[in-house]
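Protein chains: 2
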Amino acid sequence: MNRYSLALLASVAAAAFSAAPAAAAPGVDAKARETAFDALISSADQQRWLEDMSSAPNHVGSPHDKANAEMQLALFKQWGWDAHIERFDVLYPTPISTNFEMVAPTRVTLGGQEPAIAQDPTSSRTAGALPPYVAYQGDGDVTAPVVYVNYGLPADYDALEQRGISVKGKIILARYGGGWRGLKPRLAQEHGAVGCLIYSDPADDSFAEADPYPLGGGRPEHGVQRGSVQDMTTYPGDPLTPGVGATPSAHRLTRQTATTILKIPALPISYADAGQLIARLDGPLVTGKARGGLGMAYHWGGSDAVKVHLAVKSDWSLKPIYDVIAVMKGSTYPDQWIVRGNHHDGWVFGASDPLTGQVALMSEAKALGQLARQGWRPARTIVYASWDGEEPGLLGSTEWAEEHADELKRKALLYINTDNNGRGYLEAEGSHELQSFVNQAGRDVTDPQAGVPTVERSRAAILANHYLAPDSVPDARFDAAKAGGDLPLGPLGSGSDYTAFLQHLGIASLNIGFGGEDQSSGSYHSIYDSYYHVTHFDDPGLAYGAALSKVVGRLVLRAADGPRVPAHYGDFASTVARYVTEVEKLDADQREKDRALADARREGYFKLSASPTDPLAAPRDRGVTPLLDMLPLDNAADHLKRAASAADAMLARAETLPPATRARIDAGLADIDQLLLDPAGLPRRPWFKNLIYAPGTLTGYGAKTLPGVREAIEQRRFDDARTYIVRTAAVIEAYAARLDALVALSRGTA
Amino acid sequence: MNRYSLALLASVAAAAFSAAPAAAAPGVDAKARETAFDALISSADQQRWLEDMSSAPNHVGSPHDKANAEMQLALFKQWGWDAHIERFDVLYPTPISTNFEMVAPTRVTLGGQEPAIAQDPTSSRTAGALPPYVAYQGDGDVTAPVVYVNYGLPADYDALEQRGISVKGKIILARYGGGWRGLKPRLAQEHGAVGCLIYSDPADDSFAEADPYPLGGGRPEHGVQRGSVQDMTTYPGDPLTPGVGATPSAHRLTRQTATTILKIPALPISYADAGQLIARLDGPLVTGKARGGLGMAYHWGGSDAVKVHLAVKSDWSLKPIYDVIAVMKGSTYPDQWIVRGNHHDGWVFGASDPLTGQVALMSEAKALGQLARQGWRPARTIVYASWDGEEPGLLGSTEWAEEHADELKRKALLYINTDNNGRGYLEAEGSHELQSFVNQAGRDVTDPQAGVPTVERSRAAILANHYLAPDSVPDARFDAAKAGGDLPLGPLGSGSDYTAFLQHLGIASLNIGFGGEDQSSGSYHSIYDSYYHVTHFDDPGLAYGAALSKVVGRLVLRAADGPRVPAHYGDFASTVARYVTEVEKLDADQREKDRALADARREGYFKLSASPTDPLAAPRDRGVTPLLDMLPLDNAADHLKRAASAADAMLARAETLPPATRARIDAGLADIDQLLLDPAGLPRRPWFKNLIYAPGTLTGYGAKTLPGVREAIEQRRFDDARTYIVRTAAVIEAYAARLDALVALSRGTA
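First to last, the protein sequences are chains R and Y.
Residue numbering for the first sequence follows the numbering used here, beginning at 6 and increasing consecutively.
Residue numbering for the second sequence follows the numbering used here, beginning at 6 and increasing consecutively.
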């Protein structure tokens, strides 16, 4: 998959000037070890592995997917790790047939595999490759008129409703973007559509932003984005085994009772094919931001003028997935785990996604193995994981995390994820108490292009962009960059393998990569996501692959060998306080907007100003958002701020405490993030238990913070909002109380 | 031409709830007269005249242009007006040849007349019509590489400079929009380009907003926008006779010494032709808002990959223009004139622009003539003017105003302009003391579509749009609509015939029309601006033509017959105070932006964050804007506010004053707007003497208020800014002092 957010990570000044206390810098021995580690990182290694692993289709169930797992297993062992393959058997639909044709006004066969491009040698090796399709759509065979729905998100259905256009019994044509792909067929299905086509509009990932491949890295006219449409905002992983590992003995739902599988057929298509339909649609003109970038008029359609036949049939048998797990046992704290993962399965060749990240992970593992051979052992246990089946639904990481849930909750201190990586700026999201930890590592690695610390380059980009286009930079990021403190970590939503760790198990997590100057969005999930594309347009020479290994390697070494995982609870507290302010503002703003709508409807503004040629009905009256009692959240945020401040002060002098006290404090911190879980989980999706971070049910990959409250307001479930204000306040209070208790312990007043 | 601004005019509540005192409503007799006037307005008349006048090309110098003038003269006389034709002889270039071909990478002949469209009967009658061209370009014959320059405005040249691309010796390809057409070749010339092509990108006036003609009213792929590129921001009218009427005896400059004529050849082209070039340009990709809506990658070009041959030659002889002037003498104040104008020349058939406005004016004249036949005579003299030669450069109105300058300054109280008109919302700009006058007239006319007062519909549109897209509605407009007071008038820039009256002579002026729901931008200045287009897409049935006659007719009747032209000086004062706040904010914001740039350059943010594939140089250092002493403006604005408040209070009870005092007060108000003139005019353009309103030198049609100060800051002429702060404060003080004096007169304390 892909990182949803392009949030940049940067620190903005030398540590001495940092607004927040810097994370503990490594000692002299540790520094020497990091220097030795850097010397063992090789872009040449990464290029070799990348070319090999992306030489054939490597999707779940393909021979090369299994071969890649076995090759990695052999390498891990060769590098001295205690490694094994862990297999799960998951429901994974493999397409048998994907038919797509226009049947009116003329009959034209469309769809099918993407064509080879001469310059790209692997693009012709598509024997055994998946055709363009989306996983976990419903099998079906439908013929129906087409309705253009823009991005196919809730606001688009409002726009259709205002024009009196229904998708009931129709096939929707949605463009990629605006929100996660899986929402498009799900919302279509909820609105009564019988089929769904999703296409890559050139306004979003082709010539509007990059020259089409192979002149540039942008999406060519016949390029198609595959992907999963599994409803992973309800739960990710094997649809048949929510909450438990997909082992032979697991209790399994049936395909019919699994709620994360769609009922209607859906296919992704190219903009060349979409243009054939759009050019013929009739009905009102699509104007403004709802139209895409094809050089023609867009119409909403919905009449019989354009009809499509869409038929998709899959093999729904269970398939094996192969996680490669490699362990280096800790010398001092073997039961404290630092877990580090990336996935190895792709949609076709998967060179950028996921292998640019995966080869960085392999470099780290090789270097750590070498250090171990030279006599070093980590204080804590390091677990390296190469996940399978991420693309269809975070299968490998979720099943493994579910299977080992109890042990992970007892032992795992930290999960560090990467996925596709490209040239550009260091980007990171994660648990906010890890902000200074990540910034410090980013400060200590040199950007391969600019020759300055990676964070200097990120900071420069934020400040340059703010000068050129102030609205493009969020205030919090600009303020942090300008003030010279650490840059904030973005919150984690979903879209990669940290989800089960953070949001199901409550393990502090990070997701890290470089990007912003690569053109991988143009090859994303297509046959053109190839070694050729990566080495020409995404990370020539894999210089940023090496930089990623160095940043993540530092995080692993420092977490594994330091006195504890460096955390700064004040960063978590101030960020939570900001989120509380945001949901309060959301409540007030939504109420104001509702009142304005009620006024405008009562006064007839929409009717009076309606256009004679494109009359719009008034937006639907959805009632007025109540002002909600947010005091429990205010109290909790305030408590957290005070507790975090005392805890940070205590930890700054922790090394002066008696070892037994320190051990008890560290034990109390080890699982503190699990206090953010509520056993009941979020409304309508109990698998997601973290009340601070979740993927949005209407954003998919994008994070919603304080999700129980925020989404309830947005979705007008005000009783849920009231309930989750209290529940969310309770987990924050519990977290703060734990910090209070540990401070009391340090003072001997517990 | 066209109104630049789509500023809506609306009042927002019954007069009783109006925040500002309502303009004096007409008495019982006057009301009956307005009812009689309305009954004489006929959409059928307007349709007949429109079809006839747009039946053949009617540009300056064409037989039908002269015939239309003579036809109108006959009608005015028939309706009882004292009418004549006033002729001027002006430099007007008529194209002899316009050649445009691509010569590399392949030779393709492009350009030429627009093709006929079967449904539109006049589109095939192009014998004698002007080909696509722009007036007052320089003759020339050049072959050179092409550079795409987006809108071709200053920010675009900054973007080119940051990429190291020069237009020197090249032909620029600019799209219409972002600013006035004439700026594009002027800036190209200043940057060393040897030729200029301007095309209509579909993102701006075709399928992005309307279905292409004839399915809708949007610009078809071969449609071309003609226009003038005369530098009318320096002075409009005949380039050879600035400041004086182009009569036989006038002193004339030579074509070489006239500063408003370009030196380089320029042609407007269609997006079909532009696409032929754009598809072949190379160089860096154009991204973001700089690209247009064609379905292809845009590149900046500039290499020898694409070369164009461009050759334009015109007949530069003097041509006659025919203003039709009709007078109805005032019974009580014959030397107080109310002047009302529209133009009658078009670029081809000119059905929408200008004839939709012109036939509304004719309806008014017919109705006023009929009222006069029934025994009514206006108290003041009414002058109806049908201008010729507006399209090439406001020729007819400017020469007439210059020729009669002394008399107009003595006698004219008000100039009311219209131009093209279409269905939609009442829009008005003008002298701000006339705000309540216009609002009151707008309240008294029913919108033909919604059946409510026109201003109710405008108000509804503002508030509906604010709900749907808050950022699309300026705060001042929303606040006024919401508060229930009169809606502000937009300031006048240029682009139609009020310019000489307001900005050269200091006569209070208005420009009024309906629009926002027509599709006339798609036929603008093309052969498709036809009776068919207007009656299908712009104002079917000319219902809004009749509504315009009723609004303007009320203004004329009330101004001609009322105790005085209704003015509310508090509206002027509060608007001027807002403008003063704006220029103060401009100064502070520009300084802040300069400081940020200096910081970013010093710290190397641009260099550090530069992309390896599209490296941008840092924006050019232009120094730091100083904080300017604005106190003279603050003092003047404060003085004006107090004086205006006292004057409004005095005028509210003016009818209780002795007649002789009233007459002296009215005489003092008659020419008060002339106090806003500075004899030296604006920096580098002395013809423009009004220090409150001017067209922007870098916006063309768009207004700049307090232009001597505002443009000097924007253009970094800080000595000019200091000088014009004082000069602008002086004219405001003089205006305020005049009001003070008249109030003193009313008290007998003068």
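Everything labelled a hint here was simulated from the structure, so no lab data went into it.
Honestly, I wouldn't trust all of these hints.
Which copy is meant is left open, so a pair is good if it fits within one copy or across any two.
Below are the EDC-like pairs computed for lysine to aspartate or glutamate, each with C-alpha atoms no more than 20 Å apart in a straight line [as the list claims (entries may be wrong)]:
#1 K294 with D209
#2 K414 with D340
#3 K487 with E412
#4 K487 with D594
#5 K312 with D340
#6 K487 with D599
#7 K82 with D209
#8 K414 with D57
#9 K598 with D480
#10 K598 with E75
#11 K294 with D476
#12 K36 with E589
#13 K36 with E91
#14 K487 with D604
#15 K598 with D484
#16 K294 with D724
#17 K268 with D634
#18 K590 with D209
#19 K36 with D309
#20 K36 with D146
#21 K268 with D411
#22 K598 with D476
#23 K694 with D163
Owing to the predicted nature of the structure, the values given are computational and were not obtained by experimental measurement.
To see whether the hints hold, each was checked on the structure:
no.	hint	verdict
1	K294 with D209	both (12 Å within a copy, 13 Å between copies)
2	K414 with D340	within (11 Å within a copy, 95 Å between copies)
3	K487 with E412	neither (43 Å within a copy, 62 Å between copies)
4	K487 with D594	between (28 Å within a copy, 18 Å between copies)
5	K312 with D340	neither (61 Å within a copy, 71 Å between copies)
6	K487 with D599	between (36 Å within a copy, 16 Å between copies)
7	K82 with D209	neither (43 Å within a copy, 62 Å between copies)
8	K414 with D57	neither (36 Å within a copy, 86 Å between copies)
9	K598 with D480	between (23 Å within a copy, 16 Å between copies)
10	K598 with E75	neither (57 Å within a copy, 57 Å between copies)
11	K294 with D476	both (17 Å within a copy, 14 Å between copies)
12	K36 with E589	neither (45 Å within a copy, 54 Å between copies)
13	K36 with E91	neither (35 Å within a copy, 91 Å between copies)
14	K487 with D604	between (42 Å within a copy, 11 Å between copies)
15	K598 with D484	between (28 Å within a copy, 16 Å between copies)
16	K294 with D724	neither (34 Å within a copy, 43 Å between copies)
17	K268 with D634	neither (39 Å within a copy, 70 Å between copies)
18	K590 with D209	neither (30 Å within a copy, 36 Å between copies)
19	K36 with D309	neither (70 Å within a copy, 55 Å between copies)
20	K36 with D146	neither (62 Å within a copy, 70 Å between copies)
21	K268 with D411	neither (34 Å within a copy, 81 Å between copies)
22	K598 with D476	between (22 Å within a copy, 14 Å between copies)
23	K694 with D163	neither (31 Å within a copy, 51 Å between copies)
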